[in-house]
Amino acid sequence: MTTWFNLAAIAAAGATGSLCRYGVTLAAAAIPGGSSLWGTTLVNILGCAIFGVLASIGDFESAAAERFALALRVGFVGSFTTFSAFAGESAMLAGQARWGASSIYLLSNLVLGWLALLVASELVKAWMQG
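Here the working numbering is used: the first residue of the sequence shown is 7, the next is one more, and so on.
Keep in mind the hints are simulated off the structure, nothing from the lab.
A portion of the hints provided could be inaccurate.
[Claimed, not checked] Calculated lysine to any residue pairs in the SDA-like style (CA-CA distance at most 25 Å, straight line):
| # | residue 1 | residue 2 |
| --- | --- | --- |
| 1 | K131 | V117 |
| 2 | K131 | S90 |
| 3 | K131 | A70 |
| 4 | K131 | V59 |
| 5 | K131 | L116 |
| 6 | K131 | A75 |
| 7 | K131 | L52 |
| 8 | K131 | F74 |
Work out the full structure: start from the sequences and follow the hints.
Spelled out as structure tokens, the structure:
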């Protein structure tokens, strides 16, 4: 059930995720040879890994734990990762007739994100089984 506490938790985590995404994008662009493309790829991969961890933890027993998971999934990861920037940047590369770069960008985000989710999920499962 949605409560004002859940909405506040999502909003606070969303603001934090947005600021973290902006920081990663600035840092990626500041690295020699870097660009915002690297930042978008990195946040999408990290977001997938976070989702993998949360998926492996499973159901949450208390309302506070459920609220925390909701804040992480919807708020933080939802604002930290960005499908629209990913789509726009890949379209920009294609619009510049940089088909190889666009293809690599598309595939690296999809494949590395998927692998990050699987690896993070399996690591948490192994850790929880002790």
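These are the hints, each one checked on the structure:
Of the pairs offered as hints, the one joining K131 and V117 holds, with about 21 Å between alpha carbons and a cut-off of 25 Å not exceeded. Of the supplied pair hints, the one linking K131 and S90 is violated, its CA atoms being roughly 31 Å apart against a limit of 25 Å. Note on K131 and A70: the hinted pairing holds, with a Cα-Cα distance of about 22 Å set against a maximum of 25 Å. Restraint check for K131 and V59: satisfied, since their Cα atoms lie roughly 9 Å apart, inside the 25 Å limit.
As the CA atoms of K131 and L116 are separated by approximately 23 Å, the hinted pair is consistent with the 25 Å bound. In summary, the hint linking K131 to A75 is supported, as the alpha carbons are separated by about 17 Å, within the 25 Å threshold. Under the criterion of a C-alpha separation no larger than 25 Å, the hint pairing K131 with L52 is consistent with the structure, at around 18 Å. Taking the CA atoms of K131 and F74, the gap is near 20 Å; set against the 25 Å cutoff, the hint holds.
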